[in-house]
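Let the sequences and hints guide you as you build the complete structure.
There are 2 protein chains.
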Amino acid sequence: MSVISATSQSALYASRLNRVRDEMQRQAIDATLLSVGHDLPYLTGYCAMPLERLTMLVVTHDAPATLIVPRLEAPRVTAHDEVFKIVAWGETENPVEIVAKHLGRAKKIAIGDQMWARFLVELMGFVSGASFARAVDVVGAMRMIKDAAEIAALQAAGAAADRVASQLQRGEIALRGRTEAQVSADISARLIAEGHDAVNFAIVAAGENAASPHHHAGPRVIQNNEILLCDFGGTMNGYCSDITRCVFLGEPSRKIMSAYSVLRAAHSAGVKAGVVGATCESVDAAARAVIDDAGFGDFFIHRTGHGIGMEAHEEPYMVSGNKLPIKAGHAFSVEPGIYLPGKWGMRLEDIVVATEAGPLSMTHVDHSLVILS
Amino acid sequence: MSVISATSQSALYASRLNRVRDEMQRQAIDATLLSVGHDLPYLTGYCAMPLERLTMLVVTHDAPATLIVPRLEAPRVTAHDEVFKIVAWGETENPVEIVAKHLGRAKKIAIGDQMWARFLVELMGFVSGASFARAVDVVGAMRMIKDAAEIAALQAAGAAADRVASQLQRGEIALRGRTEAQVSADISARLIAEGHDAVNFAIVAAGENAASPHHHAGPRVIQNNEILLCDFGGTMNGYCSDITRCVFLGEPSRKIMSAYSVLRAAHSAGVKAGVVGATCESVDAAARAVIDDAGFGDFFIHRTGHGIGMEAHEEPYMVSGNKLPIKAGHAFSVEPGIYLPGKWGMRLEDIVVATEAGPLSMTHVDHSLVILS
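Top line first, the protein sequences correspond to chains S and H. The opening residue of the first sequence carries number 1 in the working numbering; numbering runs sequentially from there. The opening residue of the second sequence carries number 374 in the working numbering; numbering runs sequentially from there.
Treat the hints as calculated values from the structure; they're not laboratory data. Predicted model, so just to flag it, every value in this text is computed and none were measured. All C-beta atoms in this analysis are idealised placements derived from N, C-alpha and C, irrespective of residue type, glycine included. Mixed in with the good hints, there may be bad ones.
According to the in silico footprint, chain H covers these stretches of chain S (three or more CB under 8 Å from chain H) [said to hold, decoys possible]:
1. 71-77
2. 104-114
3. 131-137
4. 290-300
Chain S regions said to be covered by chain H (calculated; three or more residues, Cβ under 8 Å) [as the list claims (entries may be wrong)]:
5. 47-55
6. 318-331
In silico DSS-like pairs for lysine-lysine, Cα to Cα no more than 30 Å straight-line [claimed, not checked]:
7. 474/H to 107/S
8. 481/H to 101/S
9. 481/H to 107/S
10. 481/H to 716/H
11. 481/H to 108/S
12. 107/S to 480/H
13. 108/S to 480/H
14. 85/S to 716/H
15. 323/S to 474/H
16. 716/H to 108/S
17. 343/S to 458/H
18. 480/H to 101/S
Below, the structure written as structure tokens:
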């Protein structure tokens, strides 16, 4: 991701846009609209500000792709003239009306997942009789399959996250007597120091808080004789890391040790199942079977994983019901967990890329429940 | 915002929800759907995670408000049983289908501005024949008028931002020889140190970069004899700060000094115009007239201000065409700017709350172009 010339970037975006148009044709979609979210930078290199001023890429079949952007944000756009036109709108114009004009007589319109709903509500006033689809069905299949440069970026981000996890496991991050929030801030600073451009999250959950999978690191002071769950990741050169490791402060009970060995086996089974040709749900099933068999089934309350790439969560999802076959280049988390409400929780997570040679892990640091005595 | 009991919080949310239902009645809206964004915490205290798992509050006339939330995020919700019911959905359920069931036969549905468009696209498959409106027209007017506790929170956040701006003006933040990105990180850390819970942005733009109003602080090294524009803010106890000050490193030219005196007069005129009963656009007009008269009209390329509260940008907007009359409790930025492409830019910004006694500023630090020699 380092030294790529503007020309080769233009060529990359142009080729991706061509494939989007091919896919639109196959699905009889007349126009694709992309705003906030990562489909836009994937196709143009430009990331829309998540604010009330609309930025929108309009892709149709019979006109150049057009990036409609607030005038005061136009200087932020790196032009790729062969890929898209830029139309800057002024503060007293209605950008939705401008989008509608560029849509021509489009009847079936694909909408970016994370576009603010207000713009779709407003657009409906301009395009009566149109029907809407999700742009993820147009762009997503392409974005899911990472090329060599994207896999290298995921590896670099994973290696940086690994280094922070290793600092945690070696006891280099002070824990006892500090709050979850302090440790979360410390981990965040270390993610940046190790090369991330942004921190996406740094969950630090102590003891009973670890039973809430999306716990917000708070004022709870970390104490002796409890488990600490750390799930953190960021974005580095445009691609995301995501890792979960647990440590135990003091001497874990036999119940904790035995639950952790179940978790580790479930994680390993999930990773092994992530082979080209298997379904996404089979990764979930493989991890879940181990936990079910050990009697913890009721305490594994989320899917086994999510796709990852430019976004921390993206397709494909490793969840029961998702029969999508895994392809080479699919990147996803494998992160089973066991959560005993009011008592403790544990989760173990790596990012895996499916390859023809088998699952390739982006993170490698010690998978055991490291004991910090 | 400090010591409020759960009971009084419940009463506050219940009263706000009642007013939402009254407004829905007036506009013949059958249901309001709120997800990501700040209408939801304003009405329930709960902030949805901006992820692919749907969180949605369904407000109708004939049933209790219902918060539909991913099961693994349910532990994050503070219950207010008299205000809303909680329905947790499991990983293999379709949350949009659950939302649709709670909508009953609703035909006119108001949609939160920042809800991910994918959920509206999916919902359209369940509620054929429904029409959609923007929830900002239901909740926004109420949220715009800040009560005493909210104004106190804005003042506290403003005072914290003031302290960081003062550090900048006193030369306590190293500038020369550092990159914009380094100074941005430094300002961010100081916002947190002064009491903010999160940093929303810290624009640092040197010299010609200051001509891009939404410049992203980058690798550009700050040098002598140039202007430095700093526009930063964060969230503290749920309410936002936002301030812009410029400093000059070295000896400014007469052209810069004279442009800055125009800018300062424009800012002052904008603040003075922000009185109860005046229109929002008149604030913009007052600031713009000063800049126009001085011949810089073409270089003031954005509206004069935006509302602020729980969100960094919210209604009302101080922009030509907005004839909304200012009411006591409206909080908004006044931030005229002058931008000479390729050369330099300058902006001056305070947050102002309209009161019966006149405009009340949330930030007070020196308004001059402080010279750091």
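Status of the hints after comparison with the structure:
1. 71-77: holds (count 5)
2. 104-114: The restraint on the stretch 104-114 of chain S holds, since 4 of its residues have a Cβ under 8 Å from chain H and three suffice.
3. 131-137: holds (count 4)
4. 290-300: violated (count 0)
5. 47-55: holds (count 3)
6. 318-331: With 3 residues in contact (Cβ-Cβ under 8 Å with chain H), the coverage given for the stretch 318-331 of chain S holds.
7. 474/H to 107/S: holds, 28 Å
8. 481/H to 101/S: holds, 26 Å
9. 481/H to 107/S: holds, 23 Å
10. 481/H to 716/H: Violated: residue 481/H and residue 716/H sit about 51 Å apart, past 30 Å.
11. 481/H to 108/S: Given that 30 Å is the threshold and the Cα spacing comes to 23 Å, the pair holds.
12. 107/S to 480/H: holds, 23 Å
13. 108/S to 480/H: holds, 23 Å
14. 85/S to 716/H: holds, 25 Å
15. 323/S to 474/H: holds, 26 Å
16. 716/H to 108/S: Violated: residue 716/H and residue 108/S sit about 45 Å apart, past 30 Å.
17. 343/S to 458/H: Since the Cα atoms of residue 343/S and residue 458/H sit roughly 25 Å apart, the hinted pair holds (cutoff 30 Å).
18. 480/H to 101/S: The hint holds at about 28 Å.
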